[in-house]
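Novice: When the letters of the sequence shown are read in order and numbered with mature numbering (1 follows the signal peptide of the UniProt record, and there is no 0), they come out as residues -29 to -1, 1 to 118.
Incorrect hints may appear among the rest.
Think about it this way: if two alpha-carbon atoms lie no more than 25 Å apart in a straight line, the pair counts; the simulated DSS-like pairs of lysine-lysine are [as the list claims (entries may be wrong)]:
1) Lys49 to Lys83
2) Lys18 to Lys62
3) Lys62 to Lys94
4) Lys49 to Lys94
5) Lys49 to Lys96
6) Lys62 to Lys83
7) Lys62 to Lys102
8) Lys62 to Lys49
9) Lys83 to Lys18
10) Lys102 to Lys18
11) Lys62 to Lys96
12) Lys94 to Lys83
13) Lys49 to Lys102
Honestly, the hints are just simulated from the structure, not real lab data.
Just so you know, these numbers come straight off a predicted model, no measurement behind them.
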Amino acid sequence: MKIKVLNNVVKCVVAVLAVLFLGTAPAMAQQKAKTPSTGVASYYAQKFHGRPTASGEIFDNTAMTAAHNTLPLGTLIKVTNLRNHRWVVVKVTDRLHAANRRIVDLTQAAAKKLGFIHWGLTKVKVEVVSKEFMNSLPMLDLDLAVN
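Generate coordinates for the entire structure from the input sequences, incorporating the hints supplied.
Specialist: Given below as structure tokens:
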């Protein structure tokens, strides 16, 4: 009887801790998202084309999407190449490998528009964009915004 009570107490404590932790995770992610981050970007290898992403979407190397480890899936981000100041807006649809030290992995289409397809890697600034920002842009590219 004592073991059952103790087992139930442990389950309750774990449940309370899980609710507390999960309740603060979105707020922490939103707070992080407000601050632009800089780091190294890479792009997906062609072998991933057609495979499912973390969001469930099928990966398309011609689309304007990205992998990011901390931003919520579906987030729109502006990625600026710090070498040439070109930028694109892409949607986060996937996650990077845990051992990957890069901050974002882009499709080959996005890498071409940013001008680093021949380099393979480049230093970038990543910023979450608002709907207002997107609405303020002339839509020259039907996928997502490109400068």
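Novice: Does each hint fit the structure? Answer for all of them.
Specialist: To see whether the hints hold, each was checked on the structure:
no.	hint	verdict
1	Lys49 to Lys83	holds (15 Å)
2	Lys18 to Lys62	holds (20 Å)
3	Lys62 to Lys94	holds (19 Å)
4	Lys49 to Lys94	holds (14 Å)
5	Lys49 to Lys96	holds (8 Å)
6	Lys62 to Lys83	holds (16 Å)
7	Lys62 to Lys102	holds (12 Å)
8	Lys62 to Lys49	holds (9 Å)
9	Lys83 to Lys18	holds (17 Å)
10	Lys102 to Lys18	violated (32 Å)
11	Lys62 to Lys96	holds (15 Å)
12	Lys94 to Lys83	holds (14 Å)
13	Lys49 to Lys102	holds (12 Å)
Of the numbered hints stated above, the single one contradicted by the structure is hint 10.
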